[in-house]
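**Q** Each chain, letter by letter, is given below.
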Amino acid sequence: MADESLLSDELLRQLVAVGHVDILVGVPTLNNAPTIVPVVRAAQAGLSRHFPRARTLLFNSDGGSDDRTPALVRDSTPDDVETLTASHPLRTTHRITTPYHGLPGKSSALRMIFAVADLLSADAVVILDPDVTSVTPDWIPALARPVREGAVDFVAPLYPRAATDVPLVTQLVRPLVRAAYGWRLREPLVGEFGCSGRFAAHCLEQPVWANGLVREGVDLWLAGEALAGGFRPGQAALGPRVVAHATPRPGLPDVFQQLMSAAIACLEYHTEYWLARAGADEVPEFGTVAICTETGPVPDLQAMALAFARDVTALHPVLETILSAPTLQGVAQAAATAPDHLVYPDDLWAATVFEFVLAHHRAVMTREHVTQVLLPLYLGRTAAFLLEHAASSAATVDDALESLCLAFERAKPLAAAQWKKA
Amino acid sequence: MAQMVANAVRQAGVNFVDTVAVLLPRILITASIVAVGWIIAMALKWVIRWVLAWLHFNQGCDRIGVGTVLKTADLPPADVIVSLIVFWLVWVGFLLSGVDVLGFTALEGMVRGFALFVPRLLVAIVILVLGVVCANFAWRATLIAAVNARVPSPRVVSGAVRALVLILAGAMALDQIALARTIVLTAFAIAFGAVMLGLAIAFGVGGGGIARRILDHWFPEQPRTEREEFRHL
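Residue numbers (my numbering), protein chains in the order written: chain P, 12 to 433; chain D, 51 to 283.
Bear in mind the hints are in silico, worked out from the structure with no lab data behind them.
Nothing here was measured: the structure is a model prediction, and the numbers come from that model.
Watch out, some of these pointers could steer you wrong.
Once the Cα atoms are required to be at most 25 angstroms apart in a straight line, the calculated SDA-like pairs of lysine to any residue come out as [claimed, not checked]:
hint, chain 1, residue 1, chain 2, residue 2
1, D, K95, D, V161
2, D, K121, P, P328
3, P, K432, D, W100
4, P, K432, D, K95
5, D, K121, P, S335
6, D, K121, P, H327
7, D, K121, P, V329
8, D, K121, P, E331
9, D, K121, P, T377
10, P, K432, D, G110
11, P, K431, D, D112
12, P, K432, D, D68
13, P, K431, P, D292
14, P, K432, P, R373
15, D, K121, P, K431
16, P, K431, D, I114
17, P, K431, D, Q109
18, P, K432, P, V329
19, P, K432, D, I114
If we strip away everything but chain P, and leave its shape as in the complex, we get (with noise of 0.2 angstroms):
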């Protein structure tokens, strides 16, 4: 049952008003007025076209924007094309904008979402990004309509990647998430998704929602909570992710100690799930991925693998304390051969991976240098990853980052015992 609390009294008569629906839309914004309006314009197209028989509700939920963000979800109308081509619904699809309470931040706002989608018994919750502007029509049946049909109870996205693209992703948390979990998960960072009811009712009842862990990664622990929480997870094909962020972004720093504290907290926190898991399932898939051909921006590669070799030099006596040594030797050696073929092993960016979680669990150090110790080494591994497949075929890239999941596949038995231990 949804915490009423959440809802203040005008809400409530508005839902009152909508009753019970099929499909929520959830947009949490804060100051997207930039991007709102083609997010909200393809919720609307896709909620007509594609589902004119559901009771809809469009729903807003707002940290306080300045910008006018609130009246431009409100106020927003289909497009001239749309108006012309779309099939009328034969229900109104009801939108409502509200301002949530508590800390700004995504986590908040979807707790009201999850909330209101608890009220009014929806059968499927639609959760878009408001900062995405490649959003189309065609992402909320792919993201309805597997739950809708009973098939699962959570959809994660799949985007098309270039060798290039988010690295973060591709490097790190996939892999980590997949091995750990157990799951071939591919978008772990779920910036858009869908899922029941009855999986939105299960995450307002855990008791996360005042803590660091949902503020911070509150994506990853969605996904986590669905993986670990025995609710069928899918993944559903959308087109190209592009991002074009309102308000500027912290710098990589602040991002990458952010999103590597949201894994292993969520890793501590789903510790019972992760430890007794072995290899990795398949998670179903909806729609086709279409293959990307564009090359993405590519770094400068050789300034990376050479900051890698100063990096690693300058960090060896904190390493030496977070890191074995075979893999601490192994780590020198990549960051000793030339800047033009620097490798650094699927198997050894594994271990040192695991190895930072394992250090950050037993806290050999304060746990947020744990994490930002590891950002120039996985600027390493990003370098010698792109030197080698930055102009690779898709197929090829794909190839090597599964062999990579593999990697991360064999080193987690070692890693879940040495957990157990610590």
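Take the given structure of chain P and dock chain D to it, following the hints.
**A** Relative to the frame of chain P, chain D by itself:
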């Protein structure tokens, strides 16, 4: 004349025997106190080592960086040092008590002085340990931040930070035990001021280019690094 000499010698002998008769029991008592004190101090030393091992004290010291400092300085592990400190404090306490029994006027104040010195010594040790912990934390934080911020020579910067914190802690500890307080304070003030002045002059005269590069790096006119342009997430 001969009688006088004989009387004097006899009197000296009597005095010597009297003195020995007075001192011998005291010496024996002192020796007993010292011996018992040594046994008690040794027992305490082993008990403390056993308790510290049971508490995984060395691992805790490694975690806060004290263990690394001890290894670097070629000193024994932390539990050995703590047990040795306890041993010497207890045994010196017994030793001074024993010496007090001898009744030597010149040594009378030593026990009281030692009793007053021990708490100050303990506080100084605590200050030193805290200083080492703070210095290590500051060193690691500076090193990691400097590496991630691409500051040139991160180990030099972080090493300087650690040295400054250690020097400060050392000066505070020496001040606490009042060991050559005036000299320590004066030397510290002169050395610290000289180092700061030297660094300022060196950086201002010889490091203008470095300063410009650092400022350009921290406050770029255009976003330019591969880290910022390339989308990691």
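**Q** Could you work out which earlier hints the structure fails to respect and list their numbers in ascending sequence?
**A** 4, 12 and 15
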